[in-house]
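Enquirer: These protein sequence lines are chains A and B, in that order.
Using my numbering, the first residue of the first sequence is number 1, and each one after it goes up by one.
Using my numbering, the first residue of the second sequence is number 1, and each one after it goes up by one.
What the hints contain is simulated information worked out from the structure, not anything from laboratory work.
Be careful, since some hints might not be right.
What the hints assert, rightly or not - Ranges of calculated distance between the beta carbons of each label pair, as one might list FRET restraints:
| id | chain 1 | residue 1 | chain 2 | residue 2 | range |
| --- | --- | --- | --- | --- | --- |
| 1 | A | 52 | B | 83 | 38 to 48 Å |
| 2 | B | 71 | A | 10 | 42 to 52 Å |
| 3 | A | 79 | B | 49 | 37 to 47 Å |
| 4 | B | 113 | A | 15 | 37 to 47 Å |
| 5 | A | 39 | B | 83 | 47 to 57 Å |
| 6 | A | 10 | B | 60 | 16 to 26 Å |
| 7 | B | 26 | A | 30 | 19 to 29 Å |
Glycine is no exception: its CB is placed at the ideal position from the N, C-alpha and C atoms.
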Amino acid sequence: DVKVTQSSRYLVKRTGEKVFLECVQDMDHENMFWYRQDPGLGLRLIYFSYDVKMKEKGDIPEGYSVSREKKERFSLILESASTNQTSMYLCASSFSRVRTGIYGYTFGSGTRLTVV
Amino acid sequence: AQKVTQAQTEISVVEKEDVTLDCVYETRDTTYYLFWYKQPPSGELVFLIRRNSFDEQNEISGRYSWNFQKSTSSFNFTITASQVVDSAVYFCALRTFGNEKLTFGTGTRLTIIP
Numbered sequence: 001d002v003k004v005t006q007s008s009r010y011l012v013k014r015t016g017e018k019v020f021l022e023c024v025q026d027m028d029h030e031n032m033f034w035y036r037q038d039p040g041l042g043l044r045l046i047y048f049s050y051d052v053k054m055k056e057k058g059d060i061p062e063g064y065s066v067s068r069e070k071k072e073r074f075s076l077i078l079e080s081a082s083t084n085q086t087s088m089y090l091c092a093s094s095f096s097r098v099r100t101g102i103y104g105y106t107f108g109s110g111t112r113l114t115v116v
Numbered sequence: 001a002q003k004v005t006q007a008q009t010e011i012s013v014v015e016k017e018d019v020t021l022d023c024v025y026e027t028r029d030t031t032y033y034l035f036w037y038k039q040p041p042s043g044e045l046v047f048l049i050r051r052n053s054f055d056e057q058n059e060i061s062g063r064y065s066w067n068f069q070k071s072t073s074s075f076n077f078t079i080t081a082s083q084v085v086d087s088a089v090y091f092c093a094l095r096t097f098g099n100e101k102l103t104f105g106t107g108t109r110l111t112i113i114p
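Isolated chain A, as found in the complex (with noise of 0.2 Å):
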């Protein structure tokens, strides 16, 4: 069964500290996504990554970073984590196949943060 795992169900951390959110998947994806989901806003992506070591900013990258060192994982990391970034934090990967136009996604089930 394939499938994207994110390491924790929930988290709670203090202000200041600094934490990563990890995520891995064994579908052998080229693209991988950060999402942040809060209530009233959807999904909003902050980082994704279309290859090892290539990252591209999202719509709401600020006061995130992101390290893809292999293919398989794709980490999420708040550098000094702020009240404001308590939200649940959702990852992605997807194949592309430009010729054929098949896009898939697979989404983990989330980690839900919170920031004290």
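Following the hints, put chain B in place on chain A, whose structure we already have.
Expert: For chain B alone, kept in the frame of chain A given last:
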């Protein structure tokens, strides 16, 4: 830039009623893909359907049906004879050709009352 609007924030219906979730999108691209996802209380987004911009044929899958109309930039989702297990947050999303990113709407929380 792309935008997806789901004007219905929350909907409640009694079990066995039909319900339609609205989705309106904006894009200047001529080739794009539209998606619907379901998010049950467990949190994981479950893929429901993908539609290509060049295929306006409506689709039915069991109790689910989708109405894609390019003339009104809408991609609406209907659940027939709703069941309690349909209770979830539903997201509509858009992706343009050559762009790896999904743009999501704000979601519609659907509650089916037994």
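Enquirer: Are the hints correct? Go through all of them and say.
Expert: Against the structure, the hints:
no. : hint                       : verdict
1   : 52(A) / 83(B): 38 to 48 Å  : 43 Å, holds
2   : 71(B) / 10(A): 42 to 52 Å  : 45 Å, holds
3   : 79(A) / 49(B): 37 to 47 Å  : 38 Å, holds
4   : 113(B) / 15(A): 37 to 47 Å : 40 Å, holds
5   : 39(A) / 83(B): 47 to 57 Å  : 25 Å, violated
6   : 10(A) / 60(B): 16 to 26 Å  : 38 Å, violated
7   : 26(B) / 30(A): 19 to 29 Å  : 27 Å, holds
Of the numbered hints listed earlier, those contradicted by the structure are 5, 6.
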